[in-house]
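Trainee: One letter stands for each residue in the lines below.
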Amino acid sequence: EPEVTQTPSHQVTQMGQEVILRCVPISNHLYFYWYRQILGQKVEFLVSFYNNEISEKSEIFDDQFSVERPDGSNFTLKIRSTKLEDSAMYFCASSGTLTGGTGELFFGEGSRLTVL
Amino acid sequence: RKEVEQDPGPFNVPEGATVAFNCTYSNSASQSFFWYRQDCRKEPKLLMSVYSSGNEDGRFTAQLNRASQYISLLIRDSKLSDSATYLCVVTVGGYQKVTFGIGTKLQVIP
Numbered sequence: 001e002p003e004v005t006q007t008p009s010h011q012v013t014q015m016g017q018e019v020i021l022r023c024v025p026i027s028n029h030l031y032f033y034w035y036r037q038i039l040g041q042k043v044e045f046l047v048s049f050y051n052n053e054i055s056e057k058s059e060i061f062d063d064q065f066s067v068e069r070p071d072g073s074n075f076t077l078k079i080r081s082t083k084l085e086d087s088a089m090y091f092c093a094s095s096g097t098l099t100g101g102t103g104e105l106f107f108g109e110g111s112r113l114t115v116l
Numbered sequence: 001r002k003e004v005e006q007d008p009g010p011f012n013v014p015e016g017a018t019v020a021f022n023c024t025y026s027n028s029a030s031q032s033f034f035w036y037r038q039d040c041r042k043e044p045k046l047l048m049s050v051y052s053s054g055n056e057d058g059r060f061t062a063q064l065n066r067a068s069q070y071i072s073l074l075i076r077d078s079k080l081s082d083s084a085t086y087l088c089v090v091t092v093g094g095y096q097k098v099t100f101g102i103g104t105k106l107q108v109i110p
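Listed in order, the protein sequences are those of chains A and B.
Note that our numbering numbers the first sequence so that position 28 is 28, with each residue one more than the last.
Note that our numbering numbers the second sequence so that position 5 is 5, with each residue one more than the last.
It is worth saying that the hints were derived from the structure and are not from the lab.
Think of the CB as a built atom: it goes at the ideal place given N, C-alpha and C, for glycine as much as any other residue.
If you want the footprint, here are the derived chain A segments under chain B, 3+ residues with CB under 8 Å:
1) 37-48
2) 107-113
Cut-off 30 Å, straight-line C-alpha distance, at most; resulting in silico cross-link-like pairs (DSBU-like, lysine-lysine):
3) B/K97 - B/K45
4) A/K42 - A/K83
5) A/K57 - A/K78
6) A/K78 - A/K42
7) B/K2 - B/K105
8) B/K97 - A/K83
9) A/K57 - A/K83
10) B/K45 - B/K105
11) B/K45 - A/K42
12) B/K42 - B/K97
13) B/K105 - A/K42
14) A/K57 - B/K105
15) B/K79 - A/K42
16) A/K42 - B/K97
17) A/K78 - B/K42
18) A/K83 - B/K45
19) A/K42 - A/K57
20) A/K83 - B/K2
21) B/K97 - A/K57
22) B/K2 - A/K57
23) B/K2 - B/K42
24) B/K79 - B/K45
25) B/K42 - A/K83
26) B/K42 - B/K105
27) A/K57 - B/K42
28) A/K42 - B/K42
29) B/K2 - B/K97
30) A/K78 - B/K2
31) B/K79 - B/K105
32) B/K79 - B/K42
33) B/K2 - B/K45
34) A/K57 - B/K45
35) B/K2 - A/K42
36) A/K78 - B/K97
37) B/K45 - A/K78
Assemble the whole structure, with the sequences as input and the hints as a guide.
Mentor: In structure tokens, the structure reads:
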């Protein structure tokens, strides 16, 4: 069964460092998302991406964050100058096919970011 | 008002009990509705879509009330394995923005 894969599964970084989280969405999906979940809190929408551009972003997704689809398979989230409060689980998701799809989001297993 | 509101619980119920969760949404333009399940420290996974006519999948029944802007999930004959957090999910603008509620934690007790 096709799945969304994310790397790394866990990254520890120092405050102020840049981090890149990588995702390989399901190959025929058209919509890509990043969510984050601080431990014990809700799943928060960061950004959605379609047709090689951001289609929607939340107030959390400020200038510190950027997304890219550098090739036909990877979808990356870059966090510049990480802060302590960026520590969270970051989930990538994909959805939608040319034939429509069900609207279901398929999630990767997440990348846990710890900022020290 | 929050976009998607849920009672975070926890709901502690005995095995075999019936339990119901509600979720309200604020945007009347919301188009699609889902229940996801999230196990501790795992990714969310789709439990079921919610249709206007209501839908049932085994022990699970989901309903949508557009007039009152809420959706519900009913779990019958609760199993220990049902213990998880149940996330209400609402989409606006098709695939553009998919918003999660805080989730309702269910603990099924032997």
